[in-house]
Amino acid sequence: MVLAYCQPHSLETVLSGTLPNADDSRTHWREQWRFLLATLAITALYLGIQAVWMWGAGQLGQRGWTVNDPALTYAAEAAAIAERSQQREAALDPRFAQRVFRLGFEYGYLSQWLGGYGQQTDEVMQQLSQPVAAHIRHLDELAAQLGVAPVARLPVRTAADFSGLTQRIEEDPAGIAGRIEQAGSPRLRHLFLFAAHVGTEAAALEPPGDLTPIPATLLIGTHATLAGVPEALWRPLSRVPHGPRETMHRDYQTAVGNMDNWLASAMAQEH
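Note that this note's numbering has the sequence shown beginning at 1, numbered continuously upward.
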């Protein structure tokens with residue numbers, strides 16, 4: 001018979017090699033905790049930077065800031081467009097330009113105002129359209145006077161349609177801006193698009209709320225410059241006025257009126 005035995009120091013060696021070390025466990029736990037804290041800190045920092053950036057971008061947008069100044073960037077192109085348009089505009093009705101501006105404004109206004117309801121049945125949309133019935137009649141009248149009828153607001157069926165309203169105006173899916181150019185001139189095409197973006201901002205400023213709509217500053221400045229609109233007139237339309245919502249809307253409408261009056265004065269001087 002063979003007796004198996006272990007000496008005491010051999011047993012200690014075996015046990016010390018197989019049992020977990022308490023110090024190692026605490027070190028590993030501390031490392032995981034530090035990693036978690038570092039991750040949370042980086043995430044909080046990123047979200048904070050993003051929030052500050054979004055707030056700053058919104059403030060700059062509301063103040064009408066752009067990287068490039070449209071009045072300078074497009075001055076030469078505006079002069080060329082004016083030259084190409086001069087002969088054609090000389091043969092137009094003296095009220096043509098003012099009507100183009102008003103048409104563009106109503107087009108943008110109604111696209112924004114009614115587009116917020118999304119896709120509805122014809123019966124429901126007729127009821128929702130009652131508050132802006134005068135705008136719809138004015139749109140139809142102006143389109144007929146300019147010879148570019150029919151003109152209807154941009155249809156909005158999805159949230160993406162509504163959020164992309166500014167770009168859809170630029171793309172001119174119904175060819176309204178193109179018809180304005182054919183009936184009028186290249187300069188008047190830009191006047192129409194300028195007015196359309198102004199109309200969307202005017203409509204967005206009407207309902208009360210905490211969110212202040214940011215105008216399409218660069219596009220407003222670009223089209224206004226290419227349409228030959230003085231900077232002093234389009235600048236107030238490319239930014240949101242200061243004050244409470246009622247003041248914002250009132251001051252913006254005043255700026256729209258100033259633009260309309262300038263077109264009437266220019267029409268009287270030219271003819």
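It should be emphasised that the hints constitute simulated quantities derived from the structure, not laboratory data. Just so it is clear, CB atoms sit at the ideal spot from N, CA and C, and this is done for glycine as well. Treat each hint with caution, since some may be false.
As the list claims (entries may be wrong) - With beta-carbon atoms standing in for the labels, derived distance ranges: (1) Pro244 with Trp33: 47 to 53 Å; (2) Glu83 with Val124: 47 to 53 Å; (3) Thr254 with Pro208: 16 to 22 Å.
Each hint, compared with the structure:
A C-beta distance of roughly 49 Å is found between Pro244 and Trp33, which places it inside the suggested range of 47 to 53 Å. Our hint of 47 to 53 Å for Glu83 and Val124 holds, since their Cβ atoms are close to 49 Å apart. Taking 16 to 22 Å as the suggested C-beta distance range, the pair Thr254 and Pro208 conforms, at roughly 19 Å.
Going down the numbered hints, you'll see the structure goes against none, and every one checks out.
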